[in-house]
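Engineer: Chain by chain, the residues:
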Amino acid sequence: MEFKLFDLSIVEYAFFITAVLIILIGLYGALVKKTLIKIVIGLSVLDAGINLLLISVGYVKSGTAPIFSPALIKDMPLTLENIKKLSEGMVDPVPQALVLTAIVIGFGVTAVALSLVIRLYRHHHTLNIDEIKNLKW
Amino acid sequence: MNMIYIVFIVLLGGALLTFFANRISGLLRDTFFLLTILATTVLFFTKIHIGDTVSFTLAGLNLKWGLDAFGWYFSLIVLGLGTMAAFYALSYMKGKDRLGYFYFSFLISILSMLGILMSHDLVSFFIFWEVMTWSSYLIVIYSGRNVQKNGINYILLSALGAYAMLTAIVMVYANIHTLSISEMINTYPQFSHVQQVWLPVLFLMAFSVKAAMMPLHVWAPGAYSDAPMAYTSVFSGALSKMGIYGMVIVFVSMISYLPDDTLFKETFAWLGAITAILGTLWAIAQDDARKLLAYSSIAQLGYIITGVAVGTDLAMLSALFLAALHALFKGTLFMAVGAIERQTGTVKFTEVTGLIRKMPWTFIASLLAIIALAGIPPLGGFVGKWMLYESLINSNHYILVIAIFFASTAAFLYCYKFLFGFFLGQEEKEWENVKEAPALMVLPMLILAAGTLVLGTFPGILLKPADAAMQTLGYASTEGHLWSMSILFNEWGDQVLLRPLVYAIAGTFLFFLIILTVKGWKNTRYVSTKDISSSGEVPLEYENLTFSVNFYQPFLRAVGPVMKKRMIYYYREFGSGMEALFDYSRRIYNGNGQTYAIYVMIFLVIILLFKNSIFG
Amino acid sequence: MQEILQYTWGALVSFVVAFTVGITYMGLNRKITARVQNRIGPPWYQNFFDVLKLGSKETSIHHGVMQHMGPAFIMVTAVMSLLIIPILNDNRFFPNLNFHGDLVFLLYIMVFGPLGMALGAGQTGNPNSAIGVTRGLSQMVGFEIPWVMALVALMIQYKTTSIVDLMNLQAETGRWLMFTSPFAFLAAVLAMLGMFRYAPFDIVGAPQELASGPMSENGGKYLFVMMSAGSVFAFAKLTLYVDLFMGGANNLIILVVKTFILYLIPMLYGIVSPRYRTEQAIRYFWGWPSLFGLLAILQAVFL
Amino acid sequence: MVGTPVLFIAIPLLAAFLIPLLGFVWKESVRILPGLVLLYLLYLAVNLMGQVAHSGTIVEVIAGWAPPWGINLVFSPLTGLLTTLMILMGFIIWIYSYRFKNIDFREAVKYFILLLMMITGSVGIVLTGDIFNQFVFIEITSISAYALTAFYKGRDSAEASFKYLIIGSLSSMFLLLAIVLIYSQLGTLNMADIADKAHLMKPGFKILALIFFITGLGIEAEIFPLNGWTPDAYAQAPGPVGAAFSGIVVKAGVYAMIRVIFTLFDVSGTHQFLIIIGMITLIIAEMAAVKQDRLKRMLAYSSIGQMGLVIVAFGIGTEEGVFAALFLMLNHAIIKSLLFLSGSYLVYNSTEKYIHETDGLAKHLPITSFLFALGAIAIVGMPPFAGFWSKWSILSAAAHSNMILVIVLILSVSIIELVYYFRVVNRIYFFPKQKEVEPKRPTINALIAMSILGILILVIGFYPDSVTGYLHSASQSLLEKGKYIQDVLSTGQLFIQ
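Each protein sequence line maps, in turn, to chains A, B, C and D. Offset between the first sequence (1-based) and my numbering: plus 104. Offset between the second sequence (1-based) and my numbering: plus 297. Offset between the third sequence (1-based) and my numbering: plus 23. Offset between the fourth sequence (1-based) and my numbering: plus 3.
In isolation and in its complexed conformation, chain A is listed as follows:
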């Protein structure tokens, strides 16, 4: 299997550009916005962008689901050549698995972040990150 990043169609480019845009938006949120909630949102957006990028790597235009169903295999012997032949036209399953994992992780991180935000708000009575600077130097 040969994977290429840049000889892609417009649609595929669109995936990448969108993903990069989302990442940039997320970064903007995380790095520039002063409110803790917005920072957390920015981080989540960032996560989403990365996941989109990840999934688009495995995208094959008009590909099928990567399942070797009995209908597909029929009575072919499971040699390497056959498997290769069959898997052409399937989307790559690995990025999907990765994205699933990444989403779960992102969820966990966001949950922890939000709980921390609550704690910070109770402690400091503000959500402005510039005012939460008890620990420095």
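Just so you know, the hints here were simulated from the structure itself, not pulled from any lab data. Possibly wrong hints are sitting among the right ones.
[Stated by the list, open to error] Within a straight-line C-alpha distance of at most 25 angstroms, the following computed BS3-like cross-link-like pairs (lysine-lysine) qualify:
#: 1; chain 1: B; residue 1: K446; chain 2: D; residue 2: K205
#: 2; chain 1: D; residue 1: K156; chain 2: A; residue 2: K138
#: 3; chain 1: B; residue 1: K393; chain 2: D; residue 2: K436
#: 4; chain 1: A; residue 1: K240; chain 2: D; residue 2: K366
#: 5; chain 1: B; residue 1: K908; chain 2: D; residue 2: K205
#: 6; chain 1: C; residue 1: K76; chain 2: B; residue 2: K816
#: 7; chain 1: C; residue 1: K182; chain 2: B; residue 2: K816
#: 8; chain 1: A; residue 1: K240; chain 2: D; residue 2: K294
#: 9; chain 1: D; residue 1: K484; chain 2: B; residue 2: K446
#: 10; chain 1: C; residue 1: K182; chain 2: B; residue 2: K819
#: 11; chain 1: B; residue 1: K393; chain 2: D; residue 2: K156
#: 12; chain 1: B; residue 1: K655; chain 2: B; residue 2: K391
#: 13; chain 1: C; residue 1: K80; chain 2: B; residue 2: K562
#: 14; chain 1: B; residue 1: K391; chain 2: B; residue 2: K732
#: 15; chain 1: B; residue 1: K908; chain 2: B; residue 2: K645
#: 16; chain 1: D; residue 1: K294; chain 2: A; residue 2: K237
#: 17; chain 1: B; residue 1: K391; chain 2: D; residue 2: K156
#: 18; chain 1: D; residue 1: K366; chain 2: B; residue 2: K446
#: 19; chain 1: A; residue 1: K237; chain 2: D; residue 2: K156
#: 20; chain 1: B; residue 1: K827; chain 2: C; residue 2: K80
[Unchecked claim] Here are the simulated distance ranges between beta carbons:
#: 21; chain 1: B; residue 1: L878; chain 2: D; residue 2: L39; range: 48 to 54 angstroms
#: 22; chain 1: A; residue 1: K138; chain 2: D; residue 2: V462; range: 48 to 54 angstroms
#: 23; chain 1: B; residue 1: I306; chain 2: D; residue 2: E441; range: 41 to 47 angstroms
#: 24; chain 1: A; residue 1: K137; chain 2: D; residue 2: L412; range: 37 to 43 angstroms
Built from N, CA and C at the ideal position, the CB exists for glycine as well.
Let chain A serve as the given structure and place chains B, C and D on it in line with the hints.
Structural biologist: Relative to chain A, chains B, C and D alone:
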């Protein structure tokens, strides 16, 4: 098992036992301490012979320990002074707390010094060197006074020196792939020119810190005066000699290869002389006896350094002789100060006076030591100074002679101050009930002081091992050669020419003393120091007749310009500048999480921008 | 044994000579000073009476062992200097303990006595004594510099540290060192001003201020020994200068003449001078005298 | 065979989930179970180390999918050494914190679960042979670390944790980007396979991936300027967690970074880059540490500095340099943990953890103070303690590569380090105690844990040969890239045939 191991195990085990025995009982602790040091001394001088070696491998490095005549000579200083100081310490330290800690550090520092003298490879040399540093540091901070100032100064400068040495050691190791000191010396001529210059510089940096040479001496006054006097005698007498030991090796085995136009030796000889002069001047200005002796130690080591740096046969001999002698008299003096401190509770000349009748034995020991320090015949100090002068004159260092002479003349000033300040002058009521120090403190002092007396007339006792040490270093030398080196020695073969002079001095002195004593024996009586004539009036009871404040004010006015700023002032300025810089640098961590995130992005962008130059 | 007896006899004679001459010089000093100041002054032999009076007085007090030993210390210095410094050229009679390098030895033995006496003075408890001692020691550090420079210059120039060698050299060439090494002579003579402690360098004993300083608690036998030692020591020092710079002397008459001429220098300089404070004195010695010393060394090294 | 590497991950994960359940049955089991697990794993690790030394690297295939397709665990001399070290440190920290939150059962459950998860994650980072799997383990470690940092409710711990979280999220973003780049180019996630095919990548992408990796993993490895979170997190986390950070988590981060640089790609210039960045980290951190007035913050900066030094040593790149770096990692884990453990007793009852609150505590806490002093002396590299040997090996490695400037800088920085450590030790021993400070006597299990570390320092110091053999084979195994690839991929071929 080899005896060398056993000596080290005895010392280490003894130190640990002493430390833990402290919890059980004081008597047990003292016994262990004394037994350890005595056993070490006995084992060392009876069982270890010159030429014994052992070698083993540790962490892939071949380490070798052994004893040669040169090391033996210095071990004599270490163990001789160490044993005396140990006896002294038992009485001096009585009743203080943290004694286990003190005795432990004491023994470990003795161990480390023996280790340095027995190391035949650079790594064990360095290890023992560092052990010596921290064990002595532990004692410097023992009293708890000024730990943040004097303690840190000491450890900081020691580390500076030690790391300079470490740099040199790894340079050597990378070059010749062996750590043996003799290999290093043998291959030294083949090193590149840059290394030939840098190696001795780095090594000498380390050694000059311990030998308290200008401008690396700033730790010494504080450290010497803060350590308990029982240890300071070892500190100044023996530990600083480790610096001299290293210097001798470097000078003999490395710098002698350098071409003369590098002026290495001259520079060092002059640094030694300047150290001697400034040390003396500062000693004169002190009102605290410990500080006075500390500066005096710096000055005395300056002479020794000069001797080493000049490096002719006689100069080296004088340096070695003075090194041992300095241990004797400075050991005595620090012990005397300790005795006074213990009996009166103060060591300030401005506070305590007129102890001569209360502490006569301490006075006698101090008097002998002071005479030896001042280099006045017939005591040992004169022999050493003489050899130094003669070697300087013979090797055409004329200006250096004058500098050294100035320093030793000015030394009379603080010598007199020491004796006058403590023992002479008005006998004030305040000190009426002071008693002589316990015998255990007085005896070591007297023994050491007697050593200086004996060496004045029979320097051969010490010159023979010194000569053997020099033969190890490669000075073509036989015993006959030794005696023909100085005009002091030539006619009497194995003893000095000074003998008839000594007899004449003693004869004259006794003759006039008898005259003075016999004449009017019945009528002359002792009167107190209050009973004096002051321009015909009899002073009243309340009149203060003690003269001790601003003792040498006129002299200090005359030399004022050289003493405006102390060297430590510049170090302090540098230090506080650095701290300000450090304080500024940590403001990078400004506490804002978002800023940290922006740092990450900046880091990324910078790498991306320069990726072609970074990852060629 | 014979030898030792002879030496002792010679030593006694030289001591008596030095004592007599020294005391006479001191008396002359008083007389001349008085004449210059337009007074009549005591007779030149007045100091003999003074010493005799002190010697015969009963002493009833002392302040301790060190004070008791102090005069003996100073006497050791005087006698040892006298024994080491050759009194006459090629002398047979007077004992001579000199050896190669006695110049350095002399430098040390010359401070031995003053230090010992300083200890004695210290024990008296009289603050004036101690103040005088500190001044004396400080001043000593001052004048030792040009003095040592002069000696080192001689050592360099003639490659010897022995007084006898220097005397023989002058006898052979017939030229006095004060002419061949003028700078060394100048430095040495200026240092001598300090050694004799006459004005302007008399702040050590400053009679009006310190009640004669280090001596102030001593009387009777102690002062007797001190004065004797002082006169012997003065003669020994003058002899040393004569030996070093003026070709020595072949008999006692010439020696007395030469020493007296030398003695006139500090004396006359003193008569016309006020008094320096200690730091002024020290700075004085580290000024011109040391410069001359330096010139002497340069001359010795380069010429 | 006593077990396989997969147990290192499976057992503690299982235990972590069992803890709350067992807690209902018998409360004490919450405390005992992690210890039993770690003890067993320690036994296993030691056994496997013997086996590895005897018969070479163990590669274990998970779930039957052979490399390069499936996930595999690699127990080589290097990873084995680090695993053993981490488990050992984990075990000691467990001993130390056995009585932690003695009263509050719920808190204790949380603490032990999170601690176990963090250790598991770190061990997983080291053992795995798959980059995405490594990413997952990094996230497991990070999330438990966020939670542990914010463990104390009263203090500013939430702030520290939040900073850590922001930076940590960026880290995971960069890691994912790097993984995307590699996968899009090579279509594989197996480290050995990537290493094998790395030359097929377009150079631009390769360098981009490397940069993303360095940035992402550099955050975990605390290199400057990516380490803004570190001092806060170390200072605010509970004492044993600080020890775990410096003894376990950072080590995993450094390992991951080094694995990427040494095995995955060989881009020229990386080594010099490591030296420079390590040096900057070292200098800035030690400079910042001097003026700290809080104990744990000072220790944190010191920890950053030491990591910088480790990276410098790796950057030297020779076998000697790698050996020195691993030696320093080992020593640092032991010594810095000791400092954190004893240090947190010295400031136990203080809210602000000021250094001056430790004044004169030596009289009240003799053993703790002694161990702290021992750690301080050891970490600045005073012989004959452990720190000296690692410092010596770094310097001699640098000297063999003719890097005199590096030597001079390292030693100058060591002097700074010496000053601030000795200042603290002096305070503990010689300053008068402050009246309002109430020293807390350490519990017996804490004393045991600290003493073990102290003894280790002495053992390594007096007899470094006890560890150098392992370190040498570990450093060889890191440098023999070809052997690593072959070891892993041959398992796959065996499987196919």
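Engineer: Tell me, which hint numbers fail for this structure?
Structural biologist: 1, 4, 7, 9, 10, 11, 13, 15, 17
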